[in-house]
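Full structure from sequences and hints, please.
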Amino acid sequence: MNYYLNHLKELEAESIFVLREVAAQFENPVLMFSGGKDSILMVYLAQKAFYPARIPFPLLHIDTGHNFPETIEYRDYLVEKLGARLIVGSVQENIDKGLSIEEKGFNASRNGLQTTALLDSLEKGKFDAALGGARRDEEKARAKERFFSHRDEFGQWDPKNQRPELWNIFNGKKRFGEHFRVFPISNWTELDVWQYLAMEKVELPNLYFAHKRMVFEREGTLLADCDYIEKRPTEVVKEMMVRCRTIGDMTCTGVWESNATTVEEIIEEVAVTRQTERGGRTDDKRSETSMEDRKKKGYF
Amino acid sequence: MEYKDMELLRFTTAGSVDDGKSTLIGRMLYDSKSIYEDQYEAIKTTSERRGEEGVNLALLTDGLKSEREQGITIDVAYRYFSTPKRKFIIADTPGHIQYTRNMVTGASTANVALILVDARNGVVEQTRRHAIIASLLQIPHILVCINKMDLVDWKEEAYEAIHEDFEKFAAKLDVKDVSFIPISALKGDNVVNRSENMDWYEGATLLHYLENVHIASDYNFIDTRFPVQHVIRPYKDEFHDYRGYAGRVAGGILKKGDKVTLFPSGFISVISKIDTFDGEVEEAYPPMSVTVLLSDDLDLSRGDMIARENNQPRSTQDVEVMVCWFNEKPLQERGKYVVLHTTNEARCVIKEIRYKLDINSLHRNEEDKSIKMNDIARVVLRTTKPLFIDAYRKNRITGSLIFVDEGTNETVGAGMII
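Protein chains in written order, with the working numbering: chain A, 1 to 300; chain B, 1 to 418.
Bear in mind the hints are in silico, worked out from the structure with no lab data behind them. Remember, it's a predicted structure, so these values are computed and weren't measured experimentally.
Think about it this way: if two alpha-carbon atoms lie no more than 30 Å apart in a straight line, the pair counts; the simulated DSSO-like pairs of lysine-lysine are:
| no. | chain 1 | residue 1 | chain 2 | residue 2 |
| --- | --- | --- | --- | --- |
| 1 | A | 174 | B | 372 |
| 2 | B | 187 | B | 44 |
| 3 | A | 48 | B | 236 |
| 4 | B | 236 | B | 255 |
| 5 | B | 176 | A | 9 |
| 6 | B | 4 | B | 273 |
| 7 | B | 273 | A | 201 |
| 8 | B | 4 | B | 256 |
| 9 | A | 81 | A | 212 |
| 10 | A | 9 | B | 4 |
| 11 | A | 9 | B | 85 |
What follows is the structure in structure tokens.
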């Protein structure tokens, strides 16, 4: 008998180990759920990690109020199916209360305001660990992220002073008021995620599959036409076959021209594509280090 | 779906700006089509803006602002690429002595250490340092890439001389499997494609080596060790008396029906079931994450260990380790630290510093016992409660531990158990 795991099963085993460490080391963890495929994968892995018990922490969704309606539908369906507890942190509420100020103009986005709502929700719930589905292959600042990432009492990340992480030993020790961000799928790539979702036949929102949608082009990126984005007079809306590679809110998530209608077709597409998945994210394009800058302040 | 047969291989690279490490990684990523157009465009723009000649592939791995400003890699950067046979995780670490801690971190989970040697300079201090760290961290396979062969006219003699030099030095180390490949990362010779300039070399290319090196035996499949990570109690009607011990197999093979000994209690029981979300399995082996159920209702919780009756870990409060120190605050003799070992936690006192190891010469310095950041030393500890340990040589999981500062909570050192 050959004792070996394929790469997907080995990644799964690593992620399950990390999820269980969180349940064991922290008193009050929470899983940040965006509705995207990475957080869907996280929920699925958490289900595996604690079976036959329920997932021992709630899901936290930071709602910008600018979501694709499909995202919310899928979220509610999943929560119901798992019997999980859902907490919603609302950016709109923060704006209404005057805690956040909305950006104006053509490229206005609530992406930056998510940080305030997120830190607020973490504080309110007294959560000491927030699980996220970030991957190191996504973005260069994330390539330096630890599995267990320490945050000070202001939720800030100090990339130059990260704890060394060796073997499978994770140090989650902290002072009162500090918390951790934990990233169990750090070592997965976009392709690994799709291959795994296909292998395990995980249900996904329709947004990931090619569908007809009204879109327009801005700086080389296709955006879905919606009320939340102010269009320039020169920007023309047309119908195209598109799909999402990442799902954020509608103002900053680019869609891609695609005919992939099954997970297998998506895998083929991802395997030969020449653009990174965050290539369609206008929030990353603001400067060369915009992800690092946002992360330092507490962005997910 | 051919991707279901892919294996995962982790390797570490270490090197400085000049030995072509970034070029080599860039070459592997580029030739295996793992660099995306928008990434390539972004670093091209940055290179041009800085007035650099050509596209600086090092910008791909240097992610942090301060790293880009200084043009150096400070932290471990993880890179990913895959071929139809394997998925690769590169832990890319800086090679300078002041970053020993990062090299150690990258090496801790690696199957292969990739050591780069400049064909013009041969085996230098940095080469020796990398090899010593690979040996200390027990990386199962070492691959020495003799780079810049184009600058020594592709001569076999240059390659042979370095090969011999390295082997002579490696004889003093604890390394099992060493291979050599002459390459030119810049021109691409023997990286992904076979060199036309070195017909005297008949071995594998770098990528062929990485795709085929035998890693299935890198884990310990002999000595059964299962550290309990978390106890699963569903509190659901259909799983009324369910009490499962969740964890990741750290060694050996667990089978249903096995008679096992529990630590620290010493009780004996039998594995009644090995459970997963996907159903029951007959056996579990490293690195699987499973849930083990026992036939008796015994006291067993996080930090405890399941082993075989006739093959047990050492249960002891006296532990001797090689430690690599990570913190600006030096290691204190008589100092107290928290120790994390598998899923277990204890406190310890440093009873004795035996010697400091010079990681350039292997010299054991018994006079100077000031252990500062990036130093490696042999120390003796006494823990507040027994740990269930193996020698690091025998098992990298049950043989390793980390030190945590009780005041700052920082990870201040890593220990390999002797």
